[in-house]
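Chemist: The lines below spell out each chain.
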Amino acid sequence: MEFLVCISKSPDTTTKISFTEGGESFDESGVQFIINPYDEWYALVRAIELVEKSGGSVTTVTVGEADCDPIIRKALAIGAHKAIRVNTAPMDAMQVAAELAAVAKSGAYDAVLCGKETINHNGGIVPGMLAEMLDLPLVTWATSLDYEDGKAVMQRDTVNGIEKVSVDGPYVLSASKGMSEQRIPNMRGIMGARSKPLDVVESCGAQATTSVASFALPPAKSGVKLVDADNPAELIRLLREEAKAI
Amino acid sequence: MKSIVYVQTQGGQATKASLEAANYAAQEGEAIAVISGALEGDGGLGAVGVNRVLHCSDDLDFGQSSRLVSAAVEQEGADAVVMAHDHSGRAVAPRVAVRLGAGLIAGVTGRPEGNTIKRNVFSGKATAQVAANTAKRVITTTPNAFGISSDDGAAAAVEPFAADTGVCRVAVIEAAQPASGDRAPLPEAELVVSAGRGLKGPENWGIIEDLADALGATTACSRPVSDIGWRPHHEHVGQTGIAIRPNLYIAVGISGAIQHLAGVNNSKVIVVINTDPEAPFFKAADYGIVGDAFDVVPKLTAAVKALD
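Taken in sequence, the protein lines are chains A and B.
If you want our numbering, it's the 1-based position in the first sequence plus 645.
If you want our numbering, it's the 1-based position in the second sequence plus 10.
Just so you know, these hints were derived from the structure itself, not from any lab.
All values derive from a computational prediction rather than experimental measurement.
Relax, there's no trap hidden among the hints.
Derived coverage of chain B by chain A (criterion: at least 3 residues anywhere in the stretch with Cβ under 8 Å from a Cβ of chain A; other residues may be distant): (1) 14 to 27; (2) 113 to 122; (3) 180 to 187; (4) 242 to 248; (5) 280 to 294; (6) 308 to 317.
Using 30 Å as the maximum straight-line C-alpha spacing, the simulated DSS-like pairs for lysine-lysine come out as follows: (7) K315/B to K870/A; (8) K293/B to K889/A; (9) K309/B to K866/A; (10) K750/A to K809/A; (11) K278/B to K870/A; (12) K698/A to K750/A; (13) K293/B to K210/B; (14) K661/A to K293/B; (15) K146/B to K128/B; (16) K293/B to K309/B.
Covered stretches of chain A, as calculated for chain B (at least 3 residues, CB under 8 Å): (17) 765 to 779; (18) 855 to 861.
Note that CB positions come from ideal geometry on N, CA and C, so glycine has one too.
Please take these sequences and the hints and turn them into a complete structure.
Modeler: Dropping the structure here:
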């Protein structure tokens with residue numbers, strides 16, 4: 646199997662978010678960047694596991710500038726075989742999907758795997774755009790991925806619960822929790838990553854269709870009202886009469 | 011704004027998340043629903059302001075549904091497409107956006123302000139005002155972010171509708187088994203009772219289930235608890251689990267790491283029960299009890315049962 650895994654740069658999960666004056670852009674100063682957890686823990690690791698089991702290779706693709714190289718090297722250290730970076734700043738989902746689609750079309754991949762969403766943009770829409778641009782079936786929020794008799798078989802979260810589905814031929818998948826376990830790169834992986842190919846390709850010229858006018862932080866809570874542990878019934882009274890929540 | 015609303019049904023009725031999306035569209039102008047599969051009456055859509063329902067009786071997969079929705083946009087000359095930002099909307103909306111060449115604003119939490127709409131970013135740690143710079147736009151609405159203003163309007167007219175939707179390419183081997191049993195799915199749940207490592211072991215979840223049952227709430231958990239297998243993955247709420255915004259979120263034995271808060275801080279009322287008065291979660295809470303869950307939670311359950 647030849648897997649193409651889309652990985653994106655995200656601020657570390659512990660990052661305290663702040664914006665430049667006027668809320669125009671994300672203040673990146675002092676921020677530690679990581680591979681978007683859904684892309685790494687689930688999509689990338691599952692692709693590596695399947696290749697370890699049945700052969701093939703894992704190529705990662707990232708839309709971003711040279712500051713993405715450290716997270717791409719980490720993906721190679723975890724076990725990806727090669728990496729492609731589209732050398733342009735990501736502007737919105739449509740532009741990123743179009744750049745990813747151009748890379749996907751330039752190779753012969755059996756599957757394109759993504760995380761279910763990034764932890765900075767939270768749209769979860771790049772996989773669907775990519776599937777439409779590539780005219781491929783899409784399985785979103787997959788919690789497992791295996792091959793049975795040459796067919797890809799997945800479990801996915803749906804509106805009503807968990808569903809088991811199968812796809813014949815190439816597909817796009819967005820991975821959710823449960824698909825695999827996080828892997829910590831070992832020293833051999835880290836050393837080996839330096840000599841693995843990281844191809845930088847030029848943008849296909851895709852345009853963004855949306856733009857962010859401004860960012861803001863949510864209003865702070867006004868303070869907690871503590872209820873005595875000996876009288877929990879008082880909490881239920883407050884929830885009903887004051888907060889009107891039950 | 012003339013909108014096509016893609017609606018999911020369950021038992022022939024529009025889901026709560028779809029009703030919210032339909033009502034959102036109706037408040038901005040004319041709303042025309044598109045439904046595939048089983049439908050009873052108008053699916054409850056007239057009451058939330060939908061004018062007409064275009065109904066395709068075939069069961070379609072999400073890829074086919076996106077073609078059906080796009081065909082409806084063309085037929086009606088609509089300038090917007092609205093649907094819930096649930097599992098169906100995440101699969102259908104991006105395909106529709108590509109087909110229409112329209113900007114997609116996903117998971118909105120506010121109504122249109124000029125040409126921008128508010129949505130959550132950084133996993134709920136911030137919001138952004140986003141504009142679609144295209145003739146048409148596609149909007150997905152975050153479940154539980156909008157109330158439904160029902161005007162008990164006339165039933166919507168249901169019209170048969172068909173389009174070239176292509177073939178089904180994702181075969182369902184086993185239909186959905188409700189993950190949360192009889193309880194509301196987590197993203198739609200209005201009441202959520204959640205617990206973390208403070209419960210000390212999976213065998214102690216009975217007190218959480220009892221409180222949830224008494225309230226009619228859905229159960230959830232923190233990441234460490236799902237990682238070590240005490241609770242199923244689909245219950246994990248937080249930055250790398252699912253983001254929720256119920257009316258009431260009760261957190262028991264969860265310290266409130268920044269990653270957990272990110273997924274739940276849009277809840278309208280937050281209650282924290284923790285033995286540690288220094289737990290960071292208290293800073294994000296509306297109500298709190300500093301105390302032992304094993305003592306406090308059964309008393310809360312009894313107090314809920316004593317209501318009315």
